[in-house]
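Q: Chains A and B supply the protein sequences, listed in that same order.
Our numbering puts the first residue of the first sequence at 1, with every later residue one more than the last.
Our numbering puts the first residue of the second sequence at 1, with every later residue one more than the last.
Hints listed in this document are in silico derivations from the structure and should not be mistaken for laboratory results.
We put the beta carbon where it would ideally sit given N, CA and C, even for glycine.
Hints may be right or wrong, so weigh each one.
Under 8 Å between C-beta atoms, here's a sample of chain B residues computed to sit facing chain A [as the list claims (entries may be wrong)]: (1) His-8; (2) Ser-11; (3) Pro-12; (4) Ala-15; (5) Glu-61; (6) Glu-87; (7) Arg-111; (8) Ser-113; (9) Glu-120; (10) Leu-144; (11) Leu-149; (12) Ala-191; (13) Ile-192; (14) Arg-195; (15) Cys-196.
Taking lysine to aspartate or glutamate pairs in the EDC-like style, the calculated list, with each CA pair at most 20 Å apart, reads [said to hold, decoys possible]: (16) Lys-103/A - Glu-61/B; (17) Lys-100/A - Glu-159/B; (18) Lys-66/A - Glu-200/B; (19) Lys-103/A - Glu-200/B; (20) Lys-66/A - Asp-117/B; (21) Lys-103/A - Asp-167/B; (22) Lys-180/B - Asp-190/B; (23) Lys-103/A - Glu-87/B.
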Amino acid sequence: MIRLHAVSHHFGERPVLEGLDLTLSERRIAVVGGNGSGKSTFARLLNGLLVPERGQVLVEGLDTRKDARAIRRKVGFVFQNPDHQIVLPTVEEDLAFGLKNLKLPPADISTRVTAVLRRYGLEDFRHHPAHLLSGGQKQLLALSSVLVMEPRYIVFDEPTTLLDLRNKRRLAQAIHELPQTAIVVSHDLELLRDFDRVLVFDAGRVVVDDVPSVALDAYVRMMA
Amino acid sequence: MSLGLYLHRVSPVHAVPAGAKMLALLAAGTGLLLFPSLPVLSGALVATLGLYALARLRPREVAPVFRLSAFVLVPLFALHALVSGWEPALVAVLRLAVLMLLATLVSLTTRASDMLDALERALRPLARFGLNPARLGLLLSLTLRFIPLLATWLREIQEAQRVRGLDRNPVAVLVPLLVKTLRTADTLADAIDARCFDPEEPS
Ligand SMILES: Nc1ncnc2c1ncn2[C@@H]1O[C@H](COP(=O)(O)OP(=O)(O)OP(=O)(O)O)[C@@H](O)[C@H]1O
Ligand SMILES: [Mg+2]
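All chains, full assembly: derive it from the sequences and hints.
A: Below, the structure is given as structure tokens:
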């Protein structure tokens, strides 16, 4: 469970998030809102990439202000652009990067890497340079590199924006099948239809918090 | 060009640990400097080509490397021969050729991360002087990862600017490239943090 207590954040003079009080316990939580409404800022709070100016973010009782290291192990993060999150030159090395940071023994690293490659049909690309993968494969690699660390929560910030229709579907399917809790920021409403809960952001506040059938309609009306 | 272009094979050359290969390269470099005679160098050249075969690298795969080396070495040989005669020229060029081939062999048969792990261990004593080996290792691997990406961006930007007739204007190409790089660096730093990279803890 992730809890936010009276969280506010400013960039300079501008308030970006204001007075958020939330308890996130559903398995599939969507975050929607217009450009600049604070969604990415909110997402970055959840694993301590950003510490709020005021208030507290608690992941299973741990405070992102104090326990960032432990929290990063629990909360994985998939970004919009795979080119900005693949760190090492080949597929295998990139998958192993996070596991090495967790100080896992080499044999365990290898087992986990093999398993995740198989799961996403990337076995043939194990020793492939990452920059030669297609856009869809790169995003699957980015997801795999996070999954392989076995986090309990995964935050996605617009994971399908750069993908074509087929790869959007593949990624949607992959997210759908995750055993983990997923918190997904997206403009792709189709992706969010079967979620448990939708948070609609506007100017740094959650203005609607409901099931998709209600919240997504409200959001579409809001944007009209 | 050979940077980060690791070619995966099951071969005895690939199996040698990264640190040993890098040390051997260093030793070979020193040896060739100390004994720059034609017979030694020819022997070294043959041995090096033998190592390529042992590494199961196909000629087609390494041809671009050879071509690029020739591009540097042939004019160098001509120049050197004009100045100091053909034999010293041959020695100088052969030595350079062997070293380039050996260095390329090491980078073709060693994964970047293994090389960096080895480098990180070698640099560990320098931690005392405020140098962080983990951070330096990451910096180097990021460089390897981003060379191809930068090349792609450069091409994209040039194409976009060509439409406006600006592709020959260095400012019009470099400024967007810089902006793109900085923006990427921002997310990348987050991505690295999010995957639990912790330079303060020795791995
Ligand atoms: N590092 C930063 N420094 C200053 N201002 C920032 C920073 N990051 C975000 N902002 C500002 O905070 C506001 C909210 O940004 P945020 O990225 O959270 O929005 P978003 O909802 O994710 O938008 P989008 O849909 O465009 O991704 C924007 O006005 C943005 O300009
Ligand atoms: Mg955003």
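Q: Provide an ascending list of the numbers of those earlier hints which the structure does not satisfy.
A: 2, 3, 4, 5, 6, 9, 16, 17, 20, 21 and 23
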